[in-house]
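Asks: Now for the letters of each chain:
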Amino acid sequence: MTKSRFIVVLAGNANVGKSVIFNHLTGLHQHIGNWPGKTVEKAEGTLHFRGHTIDIIDLPGIYSLSTFSIEELVSREYIAVETPDVVINVVDASVLERNLFFTLQLMELETPMVVALNQVDMAKKKGIEINYKKLEKTLGVPVIPTVATRGTGVYELLQKSVETIEKGGEKPHQMKYGDEIEKRIEGLSEIVKKVHYPYPARWTAIKLLEKDEQVEREIREIDPEILSAAEKSAREIEDIHGHSCSTVITSERYEIAGCIAREVQHIAPPIKPPMRERLHALTTHKIFGYPIMAIALLAIFSSIFAFGDYTSGLLGDLLYGLEPIFESIFGAEIVGKLIWGGVMEGIIAGVTIALPYIIPFYLILYFLEDSGYLSRIAFLLDNVMHKIGLHGKAFIPVMLSLGCNVPGCLGCRIMETERERLLTAFVVTLVPCAATTVIVLGLVGTFVGVQWALALYIINLLIIFLLGRLAFKALPGEPTALIMEMHDYRVPHLQTVLKQTWFRLMEFIKMAFPLIIVGSLLIKLADVTDLLNPIASVLSPMTVTWLGLPAITGIALIFGVLRKELTLIMLATLLGTADFAHVPNFDFGPVQMIVFALVTMLYIPCIATIAALVREFGWKKALFITVFEIVFAILVGGIAFRLLILAQ
Amino acid sequence: MELRLTDLRDGESGIITSIKIGHRRAHREHGRAGRRWGFRRRLEDMGLTPGTRVTVVKSAPFRGPLEVHARGSRLAIGRRMAERIFVEVKR
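From first to last, the protein sequence lines are chains A and S. No gaps in the numbering here: position 547 of the first sequence is 547 in the numbering used here, and each next residue is one more. No gaps in the numbering here: position 71 of the second sequence is 71 in the numbering used here, and each next residue is one more.
In case anyone wonders, no lab produced these hints; they're calculated from the structure. It is possible that some hints are incorrect.
What the simulated footprint calls covered on chain A by chain S, stretch by stretch (three residues with Cβ under 8 Å from a Cβ of chain S suffice, anywhere in the stretch; the number is not a length) [unchecked claim]:
no. : segment
1   : 96-108
2   : 241-254
3   : 300-310
4   : 377-384
Note that the structure is a prediction, hence the values are computed from the model and not measured. The C-beta atom is built at its ideal place from N, Cα and C for all residues, glycine as well.
Whole structure, please, built from the sequences with the hints as guidance.
Replies: Here it is in structure tokens:
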């Protein structure tokens, strides 16, 4: 072998321990980004082994290689077109049949493979023993039993993978379908072989019979006659079986997977239901499931907010303590003001949200996800989420957004289709984040009354429901529905959770910080060049006439673009006091406070959130959501002002 | 007898006979009739193919999703999807 740089791909179902294996293999030498032009995460890492440099790519967790989700498309395209040297298929030993269904599809892509039979310990606890040698023989692919969480078998896995490459990378066996299907697959692949198409001919033939949208479209462009031949064969199969051809093929594939699974595994279920089964029953219970969830979420939120509030204050004090030092270095003139008020305050704003709120949020999120509780929450809340046109899984990004909209937007990736992602992101940007909570409680809660703060939350909730439903009706495409595996409860793998949190945090910093700093600098620039007051008067038709607010609030609202609680901080700075109710010559009564808080709640996803939207959905959609929310907030604010005046 | 999956009692099991969600072809020809075809694929990919034995464990309250066991794993299926899955049950 002359080539010493290899590409190894990890593929498998969701929650089979793929990322744990990935972490074992690559340590901290990894990079998490997006697939070019796609909102699908791409995790890459490098390792050195026996003089080889090996690039490891962790594909998203998927159940099939059809076209249902973007993840599936990305995965199959990568394997077929980029032809990695070997595919490590991570398989959950405790759910062998479903996992083998995916294995069979990977084999059809004809790339050299190694199977990691993972979580054999969990399987054993469920009374499942697997004869992996027999599995190896049946599949014609090396099988290595592993317990990724303990690192068992990972070295052997790597060794076997390199060995497979060194041997020249044998193609896996091809499983045979029923005769009537097999005959047609062979016939079709003979025709496909004659044209140039990046995917293997047999695979293409199967996909044509399955009526795979992408393959059909691409083949039609090459030679439409292949398509009509495929349609004829598919119809014949449909006539024989009485089901659609894709159903027949999927069924057969599952039959083969089931046969293999039954042959290689021996099941002796434990007599007493294990602890995690009872925990599952309790946490998804028709009655008890809900209070348990409420207590768990309440505990999580209150502890994050308490921790965040305290740490944020502490960090703020600490960093603001640097001001005199900066002043002594850069002076109090324009340059000094720009460096401190622009750059440093931007950094401070970023640090005081990122560290105290986002880190604990991510930690807990990954803990919940890895343990399996998140999928139970999705199960319990599915019908609530349906009211806004989403399904249970969307609860996760929505929950994240209560802390910060940025992870909320990034969390939309767990939704399967592009449409669901966009819908969820739209809803997410309307959710009041921690910063918004500070304003509502600090302004309305303190000066007007807690019941009014609560009322604002209820109004926000109603708006989310209303706009969510409207967007759901307006966006074309398939409706959403929950189809989700609930894997067994397990103890989360601490290292993986920590690493995920770390990389997520880095992602946030890289994305949000530059924008926060640039935005902060621009606003400071407007400040030192005395542009703020002219801007406030330009905005006054909106602020004064329509919203009934003092003109100065226009400036505060501009600052809020950086970070929402800056609206309140700016207002205090501009007025020289935080006692908003008693400022002479400043008409800022309860009505104004409520309107101001309401507008702040809705008016714009902050600059970091806009950055997240751009990254996930592109400029156009991000801009649309932003403009829509500004207009909508002003509209609602003006209406609220008039209603409140009437009610007075 | 043939029933919808949602008609099964907790703990009852049956064999899937069909999933009544339009096909893509129907989608092309009759517009909205087949708009859920993607979810049919999804259900099948998750192992809910005709001939598969499914056991309904329970359903979440207020017309929530169903928890089912199929092919050795535990799935949650939204009620509106589950209503379209027909099963043969011995009663």
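Asks: Under the constraints set out in the numbered hints, which ones does this structure not fulfil?
Replies: 3
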